[in-house]
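Turn these sequences into a full structure, and let the hints guide you.
Residues per chain are reported as follows:
Number of protein chains: 2
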Amino acid sequence: MLGDERKAEDVLVTTQKDFEKLDRIFSPRSIAIVGVSAEGFGFGRGIYLSHRTIGFEGKLYPVNKRGGSIDGQTIYTSVEAIPDTIDFAIIAVPAHLVPSALEACRKKGAVGAEILSSGFSETGTPEGITLEEELRAVAKRGIKVIGPNCFGIYCPKSGLTMLPGPDLSRKPGGVALLSQSGGLSVDFGFIGQWRGIHFSKVVSFGNGCDLREAEMLRYLRQDPETKVICMYVEGVSDGRDFFTALRETAAEKPVIVIKGGLSEAGSRAAASHTASLGGARTIWEAVFKQCNAIQVANLEEMSDAALAFSLLPEGEYKNCSIVGGGGALGIAAADAAEFFGMAVPKLRADLQAAILDILPKPGSSAINPIDVANPFVGPKQIREILVRASEDANVDIHILFQLLYHYNSLKIALGTSSLKDITPYKELAEVCREAMDVGKKPVVLVIPNIRQDEDSIEIEEINRETRRLFTDAGMPVFDDVNNALRAVASVSRYYKRRPAD
Amino acid sequence: MLGDERKAEDVLVTTQKDFEKLDRIFSPRSIAIVGVSAEGFGFGRGIYLSHRTIGFEGKLYPVNKRGGSIDGQTIYTSVEAIPDTIDFAIIAVPAHLVPSALEACRKKGAVGAEILSSGFSETGTPEGITLEEELRAVAKRGIKVIGPNCFGIYCPKSGLTMLPGPDLSRKPGGVALLSQSGGLSVDFGFIGQWRGIHFSKVVSFGNGCDLREAEMLRYLRQDPETKVICMYVEGVSDGRDFFTALRETAAEKPVIVIKGGLSEAGSRAAASHTASLGGARTIWEAVFKQCNAIQVANLEEMSDAALAFSLLPEGEYKNCSIVGGGGALGIAAADAAEFFGMAVPKLRADLQAAILDILPKPGSSAINPIDVANPFVGPKQIREILVRASEDANVDIHILFQLLYHYNSLKIALGTSSLKDITPYKELAEVCREAMDVGKKPVVLVIPNIRQDEDSIEIEEINRETRRLFTDAGMPVFDDVNNALRAVASVSRYYKRRPAD
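Residue numbers (this note's numbering), protein chains in the order written: chain A, 482 to 982; chain B, 482 to 982.
Quick caveat, the hints were computed from the structure, so don't treat them as lab data. Hints are not guaranteed to be accurate.
Stated by the list, open to error - Capping the alpha-carbon separation at 30 Å, the derived lysine-lysine pairs in DSBU-like fashion look like this: (1) A:K638 to A:K589; (2) A:K842 to B:K546; (3) B:K588 to A:K892; (4) B:K502 to B:K588; (5) B:K892 to A:K546; (6) B:K652 to A:K892.
What the hints assert, rightly or not - Pulled from the structure, derived: some chain A residues nowhere near chain B, Cβ distances all over 12 Å: (7) K502; (8) S581; (9) K588; (10) E733; (11) S784; (12) E908; (13) D918; (14) R945; (15) K977; (16) P980.
Stated by the list, open to error - Computed Cβ-Cβ distance ranges for the label pairs, DEER-style: (17) A:A894 to B:P564: 37 to 47 Å; (18) B:A874 to A:D504: 51 to 61 Å; (19) A:R510 to B:I893: 26 to 36 Å; (20) A:A767 to B:R762: 21 to 31 Å; (21) B:P564 to A:V919: 51 to 61 Å; (22) B:I903 to A:G553: 23 to 33 Å; (23) A:F857 to B:N875: 32 to 42 Å; (24) B:R728 to A:T606: 51 to 61 Å; (25) B:K588 to A:A894: 32 to 42 Å; (26) A:P575 to B:R762: 32 to 42 Å; (27) B:K540 to A:F857: 29 to 39 Å; (28) B:P794 to A:A834: 26 to 36 Å.
We treat Cβ as the ideally placed atom computed from N, Cα and C, and that holds for glycine.
In structure tokens, the structure reads:
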């Protein structure tokens, strides 16, 4: 009995220790970067300079057996020569030199290391497979290994950045990403910058010889900084363990997943990409459904979902109002809403009358979709429409689309020179935020841009600024109404299925 | 017997006459525009100025009972006062004045008229419905009516333009659009400008009181200038006739269709938009399948399909090569290809070896997907890869994706000021065209842009220029690999099902 209690305590302590180790990996005070050449465009040199550019506040110790200097700092000729202990290591030397470098970093105090080098099990050669075994052996002695064949970790709060991210954002947020693909990780980091998705931790783990999906899911489940978890999975090391970790995690936080390698050719490509075994489409779909994980098809859908989950309040969104013009767009939105399992209820008669009162006639409609008929219906009217539509108990959320590009025609008609001066996008962001505060229903903005001509770049600039103003004010923005409704419906479905606390 | 023969001849003559009438509508020598005010922002004034701006070469006669002048030209106080016969009329006066204006235009010689005014059957009121009946009565006396409640006709060749299109392109091409929605028509017109889709005829017919889907399909089927037909349908006036016209037309030319109003709310909105009855999703889907029409979900998918159909040679595309990097994108492309019914076959062993020879190592793969591993693999190598992959008899088409935004990192690393100078997009367009000529297999380009930050506008500019260079050289361009493969697969499916001549 006493023995059992001590055992349980041990497990708890170990878990806590593991958690603290990972926390230290994401916020290291000192890092050794092994494989930093004094010249050229190597990965090691690149990742060192990226940490300088992004403004990592801890200490960086570049290492290369040939020595030299970089950016005014001495390059140490060995890990042992660093005059300090280290918390973390980044390793970017040829594959056959990695195991000894990893062991040296472990001895120097590193609790974790990311290995950017490739040339391991993904090659399919006996040499590569043996080298990866050696890494695993070092890891078992007490260092957590991320990679090999990865782009590493990006953590905006601590300034840890991944390959090739000197210009990733430093603004922290609640979205985490676990990914077997480095390219997808850094792409998602860049997409987040303009979509308004802000990150807690992004981990590209490549071949995943040691630290990978299940352990990381358990860490992120406990991590108070992470609210939404995204994953790119090609294959998993232990299916049962992954299933358990995914189910437990998705019961507490939304987990959005891309499964790469569902086709025969995709699976073949995954094998040479990260030495992963793909698998049958239907099996994976069943797993995600049983776990209440949100499966998405690609990075765009993942971005859409991550944005919706991070900005919309928890809850079900069964019924939406659709506000905008012209008619075909409203019809497309209603068709898409139904397709994704949502409804577009008729507005209450008195609210219809009140809204119709302020709409241009003929051509408008206030039944829902609310067709404003004219793209120049101004922010004040939009505010009033949203506030009145919020009074309907059957409306859970507003899908507002605005065709800002039409102001270009107005610019031509008025003969003015600045499109920004006549497009009321700033007022629009203000009134939508007000309408949300007054009406207590979220507003989702859709701003399609059909004017992507080479000489219409100002429209693009306005849309980008509009996107920032809205997302900064807590309202998700999409280019396309289909994407907006798919994302909102996935939020609704998740909270409907998730058992209440 | 003789009687029967004369009857058949009559039908033939009538059809030929109808065809000529429609031809004259699309290329009128003189137009009356009824409802042109000397000041303000009315539709009539707008459409008059749009025809001046776009450079319509025929004569324009503005009409308004209050008279005055516009742009230096006298506004006639009545249709009768025009000192000339007219071929066509554009009517934009309040609904109750439309029937008499239409009759006056008919008497003045117009073979057709478009009615921009709304306030007819789409209002659902007895007055509106009666007014539309009156239009139909005038039409029966021998004038073809487009509308009411529409944006009119756009014909780049003749310079006829629709509302509010002063800046639509004058470059003619092989794509036609028939649409019940005016907004969607003009949006598609603008999208065509930068997607590289060029139009023969675009017709927004709104409520369609006279001329509509079936008759227009028969005209476009015969029209030598039209190669691909797009349609936006909310409801049809005669289901059986539409079915016959669609089946016959799709047996000769690809017909791409959006059916709006498939949901309950969408159908409700369609009723107030163009007085159309929607209908069950499954029935419509069956109709399109039986006719071998290409059903698409929205305007983006329609643009993708129209571009693919107008640039790809007729034929089946079962197997594709996927060329690009990084790994996750290749896997996503392979998964998408299979999802849309295409295959990504392993390349012939000798071609794999030849391609692997010129790829950076480690990290690349030449099996197919061909993972170039590094975004800076240059145009010369891309040319060589495409030419070699074309030698494989199992490859029908190449899907090439290029992550041009990565050159931004190179720009930072090199400290250069111009992204355009270091991004080899012009060379890329040249070598891809060469590879297509040498290898005799079409090349499709995918250029995603994950860098849409406010301060990364130069990347957007390069992508837009790249898009133009490729489409001008006959290669379709997509932002997203999923969209590319959906479009290519729809071309392949169409030609597979279409009976050979």
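Here is what the structure says about each hint:
1. Using a Cα cut-off of 30 Å, the hinted pair K638 (chain A) and K589 (chain A) holds, with the two alpha carbons roughly 25 Å apart.
2. Under the criterion of a C-alpha separation no larger than 30 Å, the hint pairing K842 (chain A) with K546 (chain B) is consistent with the structure, at around 23 Å.
3. Pair hint K588 (chain B) plus K892 (chain A) does not hold up; C-alpha atoms about 38 Å apart against a cutoff of 30 Å.
4. Restraint check for K502 (chain B) and K588 (chain B): satisfied, since their Cα atoms lie roughly 16 Å apart, inside the 30 Å limit.
5. With a C-alpha separation of about 29 Å, the suggested pairing of K892 (chain B) with K546 (chain A) holds against the 30 Å cut-off.
6. The suggested pairing of K652 (chain B) with K892 (chain A) holds, with an alpha-carbon distance near 24 Å, which does not exceed 30 Å.
7. Consistency note on K502 (chain A): stated as away from chain B, and its beta-carbon is indeed over 12 Å from all of that chain's, at 28 Å minimum.
8. The claim that S581 (chain A) is not at the interface with chain B holds, since no C-beta of that chain comes within 12 Å of its own (minimum 19 Å).
9. The claim that K588 (chain A) is not at the interface with chain B holds, since no C-beta of that chain comes within 12 Å of its own (minimum 28 Å).
10. With a closest Cβ-Cβ approach of about 27 Å to chain B, E733 (chain A) is found to remain outside the 12 Å limit, as its non-interface label requires.
11. Consistency note on S784 (chain A): stated as away from chain B, yet its beta-carbon is not over 12 Å from all of that chain's, at 9 Å minimum.
12. With a cut of 12 Å on Cβ distances, E908 (chain A) stays outside the contact zone with chain B, its closest approach being about 19 Å.
13. Listed as outside the interface, D918 (chain A) is consistent with that label: its C-beta sits roughly 26 Å from the nearest C-beta of chain B, beyond the 12 Å cut-off.
14. Its closest Cβ contact with chain B, about 5 Å, brings R945 (chain A) to no more than 12 Å, contrary to its assignment away from the interface.
15. For K977 (chain A), the non-interface assignment is confirmed: its Cβ lies about 20 Å from the closest Cβ of chain B, beyond the 12 Å cut-off.
16. Every C-beta of chain B lies more than 12 Å from that of P980 (chain A), the closest at about 30 Å, which supports listing it as non-interface.
17. With their beta carbons about 30 Å apart, A894 (chain A) and P564 (chain B) fall outside the hinted range of 37 to 47 Å.
18. For the pair A874 (chain B) and D504 (chain A), the supplied restraint of 51 to 61 Å holds, since their beta-carbon distance comes to about 56 Å.
19. In this structure the supplied range 26 to 36 Å holds for R510 (chain A) paired with I893 (chain B), their Cβ-Cβ distance being about 27 Å.
20. Our hint of 21 to 31 Å for A767 (chain A) and R762 (chain B) holds, since their Cβ atoms are close to 26 Å apart.
21. The hinted window of 51 to 61 Å between P564 (chain B) and V919 (chain A) holds, with their beta carbons roughly 60 Å apart.
22. Between I903 (chain B) and G553 (chain A), the C-beta spacing of about 27 Å keeps the proposed range 23 to 33 Å intact.
23. A C-beta distance of roughly 54 Å is found between F857 (chain A) and N875 (chain B), which places it outside the suggested range of 32 to 42 Å.
24. Take R728 (chain B) and T606 (chain A): their Cβ atoms lie about 57 Å apart, and the range 51 to 61 Å holds.
25. Here the CB-CB span from K588 (chain B) to A894 (chain A) is close to 33 Å, well matched to the stated 32 to 42 Å.
26. A C-beta distance of roughly 58 Å is found between P575 (chain A) and R762 (chain B), which places it outside the suggested range of 32 to 42 Å.
27. Look at K540 (chain B) against F857 (chain A): about 32 Å separates their beta carbons, and that is inside 29 to 39 Å.
28. For P794 (chain B) paired with A834 (chain A), a C-beta distance near 57 Å fails the hint of 26 to 36 Å.
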